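Go ahead and model the full structure; you've got the sequences and the hints to work with.
Going from the sequence shown to the working numbering is simple: count from 1 and add 109.
One thing to keep in mind: the hints can contain errors.
[Claimed, not checked] Here are the computed lysine-lysine pairs in the DSS-like style, where the Cα-Cα straight-line distance is at most 27 Å:
| id | residue 1 | residue 2 |
| --- | --- | --- |
| 1 | Lys333 | Lys310 |
| 2 | Lys222 | Lys242 |
| 3 | Lys280 | Lys333 |
[Unchecked claim] What follows is a list of derived Cβ distance ranges for each label pair:
| id | residue 1 | residue 2 | range |
| --- | --- | --- | --- |
| 4 | Cys244 | Leu275 | 15 to 25 Å |
| 5 | Thr293 | Asp223 | 25 to 35 Å |
| 6 | Pro320 | Pro294 | 15 to 25 Å |
Just so you know, the hints here were simulated from the structure itself, not pulled from any lab data.
Bear in mind that the values here come from a model prediction, so they are computed numbers and not experimental data.
For each residue, glycine too, the CB sits at the ideal point set by N, CA and C.
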Amino acid sequence: MVRIRVLVVDDHRIFAESLAAALAAEPDVDVSAAGSGPAALRSLERAAAEGRRYDVLLVDADLGGGLGGALPGIRAAVPVQEVGEDGLVDGISLVAGVRAGQPHVRVVVLAEKDDPRRAALALQAGASGWVAKDCSLSRLLTVIRGVLREETHLPPALLTGVLRELTAARKHRTESERLVESLTPREREVLRCMVAGLGRKAVAERLFLSPHTVRTHMQNVLGKLGVHSTLAAVALARRAGVGPVDLGPAGQIRPEETNSA
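Given below as structure tokens:
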């Protein structure tokens, strides 16, 4: 018999242990529980190292304070192997991180209430399902087995709302991409430095530009993107799929990113 390896991730210990015990009663399910995002990541890494990879993660929608805070950068969430004890541990970041680091693992989000916006965020991050915490065990098992067949599971009442949210997100992403494309190669490079959290002085040192030149580039970036702050520019860039610049030591730029000022 092929056993399904499941990891329950919920910071409510009683719920996590109760659900794990219920699932463990199934002859084809091997289940463990983790009480936090970092603990889940450690379990995933340890299992992979031992050749006992997990198949499905059941993640609490409210893990680490909720899903909403990860919205601007869900597609740029750090891979599993790069998340530590102090890393991103909320629900969306965990979903995105797991899918980036171990794409074979299917993730199902467990929620106390239906929320189209948060369910859409979960799907964008790579989740395969959104299930109510109070659903029946048989329903949950159906979802677990279904996502392993590449199915996506959502409560019927959420479908219309989730489709609306995904359509709106796609529209915003398309508009953000159009604005980013209006930047010059150097301005895009500066924007990626901004996404990486570098200030004007740090950008100047790394790109061998004067602070005045960097200031001009940053002002041009804000103007072309139609925003008034670095934070807003970074949020728009992340929606467009722009990640942080990949630099080595100061002044060293990957060859494909070298452009004239």
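We went through each hint and held it up to the structure:
no.	hint	result
1	Lys333 <-> Lys310	holds (22 Å)
2	Lys222 <-> Lys242	holds (8 Å)
3	Lys280 <-> Lys333	holds (19 Å)
4	Cys244 <-> Leu275: 15 to 25 Å	holds (23 Å)
5	Thr293 <-> Asp223: 25 to 35 Å	violated (45 Å)
6	Pro320 <-> Pro294: 15 to 25 Å	holds (20 Å)
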